[in-house]
Every structure is written in structure tokens, then in C-alpha cells.
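Please arrange chain B on chain A, whose structure you already have, making use of the hints.
Protein chains in written order, with this note's numbering: chain A, -2 to 244; chain B, 497 to 833.
Some hints could be false.
Now the stretches of chain A that chain B is said to cover, found in silico as 3 or more residues with beta-carbon under 8 Å [what the hints assert, rightly or not]:
1. 69 to 79
2. 97 to 108
3. 169 to 179
Keep in mind that the hints were calculated from the coordinates and are not lab data.
In this text the structure is predicted, and so the values were computed from the model without any measurement.
The beta carbon of each residue, even a glycine, is placed where N, CA and C say it ideally should be.
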Amino acid sequence: MALFEARNLHKRFGRQVVLEDVSLSFEAGRLSGIMGPNGAGKTTCFNVLTGRYAPDRGEVMFEGEAITGMAPRAIAQRGISRSFQVMNLFNDYTALDNVLVALPDIRRRGYDGWSDLSADTAAHDKAAAVLARVGLSGKEPAPAKSLSYGDRRALEIAVALAAEPRLLFLDEPTAGLGSEGMARLSTLIGELKRTLTIVVIEHDMKFLFGLADRISVIHWGQVIAEGTPAELRENRWVQRSTLGRPA
Amino acid sequence: MSTAVRPRTSRLPAPMRVLFAALLTTPLWLTQVGLYQYLALEIMIWMLFALGYNLLLGYAGLPSFGHGAYFGIGAYAFGLLQLKVWPNLWFDLAGAAAIAAILGAVVAAFISHRRGIYYALLTIAFGQVFWFVAVKWHSVTGGEDGLLNLRRLPADFGFVAFDLKSNVALFYFAFGIFAFVVFALWRLVHSPWGRILTAIKQNEMRAAFVGYNVWLYKWLAFTVSAGIAGIAGGLFALAQQSAYPNVMSLHSSGFVVMMVLIGGGLVSFWGPVLGALFFILARDLLGAYTETWLLWYGLLFMAVVLWQPDGIAGLWQRWRRRHRSALRSTPPVAKAV
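Chain A on its own, in the form it takes in the complex (with noise of 0.2 Å):
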């Protein structure tokens, strides 16, 4: 049984369909992708399956529960974990602190209105491995809002992930970075890989096939190919689309 699946997934806004009986399944352990062109669908995709809007028809299961139109907490709380294309960071807390409220441990305390959580090094050593596990060592205590572009791309997945998530989408990653911080977040998802489920959306086909196990292709609001990267090599749906030959 797959782990996370949607099935006929419909959105629109207004008269605009964005999502037209979308179906997708992910399995434990593997790395999938979510490919297409810009305006495909591939964030209100996104959108949809980690709560942050409702489908107007279609369910989405993870572990065989229906978390369909469910809050985004309580989606994160039931162990899915997101990054987002446009940064969403806690801008004025330290690297250290961004990390450090996204932990399950503090979420679990977060009524605790007395006790004192500078005093939890419990959490800020499990804070500051997380950065480690990203690469972000030694920047702990740099506001988030003064990392470098690329320091801030990997914060945002240490959010992500210090949400201890059993399945972790991501979303266009690698949006604005160049070819060194490309390659440094390829081998980061490629370590993560080896632990986590992971989701990826993304339009940079050579970055995606490099790194998915599966990959499915999202165009005109609708899954338009399925398959392993060799397989949609020889796709001739993704051939003709705009998304061009991957190298």
C-alpha cells in the first residue's frame, strides 16, 4: 500500500481549473517527483495534498487515513512536512531558533507558558544537529534573515525536517539557486533520501532525474505521464511537452 495517495483530485478558482482529476500515489522509502512546465498545477498540487486548500472533489490518504481538506497543522502534526517554493521563514529568529519551534518536542510543550526555553538544551543540541544534518553548522545563531540566499534555501528544509516528518515534500527547492548550491542541494536531498519519503516538485528535469526514483508529470492541471526517469525519457507525451529533453 502505498503511503500518501490522492485520488481525482479536482481544484478550480473561479472558472480556472487547475487540477483536473489528479490522481498520485507515493511510496515509503522512495524519492518521487512532481514535474511540469511553470503554470502546470504543480504548486496547487502541492496546495492541496499538505492542506493549505481544500480539493473541491477527491480524497487524499496518508497511511490509509483520509486527511482530505484537513488544516495544515493538523496534517503537520500527523507527520507531513513541507517546504515552500516562495521562502517562509521565521525572518527575524536566529537560524537556531527557526528550527528549534518546528521540533516535535517543543510542539508537544507548546502550552507550556512558565517554564524556560533558553534552559532546554535537550532541544537546542537537537536543533543544532539539524542544522548540521543541512550544512548550516556555525550559522546557529545568525538571524534567518541575514543567510546568504542559499543558507536560507537549506533553513527552510531544516524547518522542514526538524518536524521529525515520516513523509517530506518539497517544493521547487532549487528555485534561485545556481550551479554550486544546485549540486549542495543535490547531495543534501541525496542523503536525506536514504531515511526519509520524500516528494519534490520541480521543473529542472536534470536536478529531478538525478535524484527520483519515480517521477510524475503534471501539465494542463492533469498527471500526463507516470514513470521511472528512464521510462519518461522515452515518454513521448513529456518529449512533446514543453518541458524539452532532459540531459
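Quick look at chain B alone, frame taken from chain A:
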């Protein structure tokens, strides 16, 4: 590792110790600088109100422009409980805080899904509703006259009771409550709850995707803040021996915003303390020279918002940063000299 990254928060930080010491010793030096004990009492009550309000504005980023309503509700609740239910100081003060918190909770339930200008407008609207009720419900609130002849009931601790008729005695009684609330607020803003509230202020959407119930945090912040305004309002009614509509007017709501912003509540826990001190002193000292003191204060407020939005506390922080970096860059030989 983490202890090196983030210093622990002091339970009794230096500004708190200085503030408590300064307040506790006011009977010794206040008259010598030309001021009087009642003024210190009033300043402390406004400090309490402003600190509670800053939980909402400074820490949650929620602009309530009708918060004077909860200050007034506290004052009226204190008076009504004393006159019509049970003239007991503890009961009346606890009731003032509880009623303000409950009404704040009801209002917060309607507005906590909003932010920014819509949130601000709704708080004004609800504030005006409460003010209107206070003015028009004559049989209960006394209308425009308000509730008069409230008594300064003794503080009865069971084994000993203190008379609060003198301003000094009332000041020390109010200080006990003030110190407790300041200490609890300090703990609150440094607790997991407080840190999450500030995270929500910075990015509501991310906080929701990390798993937090954003609405509930905002609701709690408003309720706690209204409860503290209620305690301050109760103490104000006790000090003034009356409760009247002006206490909960838009003026009061505006004053507390000015106190927090001029003091620097957006950058420091202690900003509201500085702001309340500055405001009430300006009112008394400037007011002695001119009836138009509020005009001058308003101009100052505009200048602060335009050129020093971090307020007095921000100015102090900047001076300290410069001072420290100057010390660091001074060569050791020069330091020795």
C-alpha cells in the same frame, strides 16, 4: 554546544531588579524630586496595563486599538462587585481580572482569524460597543457619572489585615500584584508558548505548517492581555475610588498604544515600562505648563514613529551596541590608559 549558542534567560534580569528597587523605594525619594506617591501608583498601574498590552502588540504582532475597553471593564467590574456582590478586595480584584478576560475571550473568538488592518478595526468596533454600554446602561454603570464612592477596602490576609486608605499603603499593595504579574509575564514570553507566539507574529502560515494552532495562540494572547488589563483597571478603580466611561474610551486605548510604541515595546520587554513612565510624567510635567500637552506629546509620538520606531528602548539598545563595539575596537594599551 547549545548553551554557547544561546545564553540562558535570567529569571530576575537586571532591568527587573532596577525597576522593583526603584518602585519600592519611591516613598523615600519621590517627594524630594517634586513628585507625589499617588503619581507613582498611577504610573505603576499604567505600566501593568501597557506590559499586558505589549504581549499582544509586541509579542504577537496583533494591533488592538480598543484595548482601553478591557481596562475599563476591569474598573467597572471591580466597582460593581464591590457595590453589588461582595465588598472583599481579593474577590473584587480577581473578579475584575476574570470578567475582563472572559469578555476579552469572547471578542478574541470573533477576531482571531484576522490579522492587520481588519484585526485592528474589529478591536476598535468591539471597544466602542463596550464604551457605549458603559455610557448608556445607566441603571448598572451609572451612565456618564460612572460608579462613585468606591471604598479602599483593607487587604485581609486572614491572620493580618492592612488598611489601604493611604496612598503609600495602596502603592505597596499594588506593587505586590505588579511584581507578580511582571515576573509571570517575563516567564511567559520566554516559555515555549511565548516563543511560538513570536514565531506566529513573524510567519503565521509557516507556524501552521509546522503544526501549531495559530488561531488558539492568538486567542490566548488576547485573553491573557485582556485579563491583565482587567487587573490594572481594577487597581485603577481602587486608587481613584471610582469607575467612569472615560477610563474605557478610545483615549485610553490610544494612550496605551503610544506608551508601548514610544517606550519601545516592539523591541524590548521593558519598553512599555519606559513608555508608561514617560507618558504619565509628560502629562503631569508638561500639563503643569500647558493645557495642550497632549498636542506636544502627539507630535513627539509622530516623530518617534517616523524616525525612531524602536522607541526609547531601541535607542538604548543601539547606544549599548555602539558602546560595546567601541570597547572591542579600542586597543588594549589605550584601554589601560
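We went through each hint and held it up to the structure:
1. 69 to 79: Since 6 is at least three, the answer is holds.
2. 97 to 108: holds (count 9)
3. 169 to 179: violated (count 0)
Violated hint: 3 only; the structure is consistent with all others.
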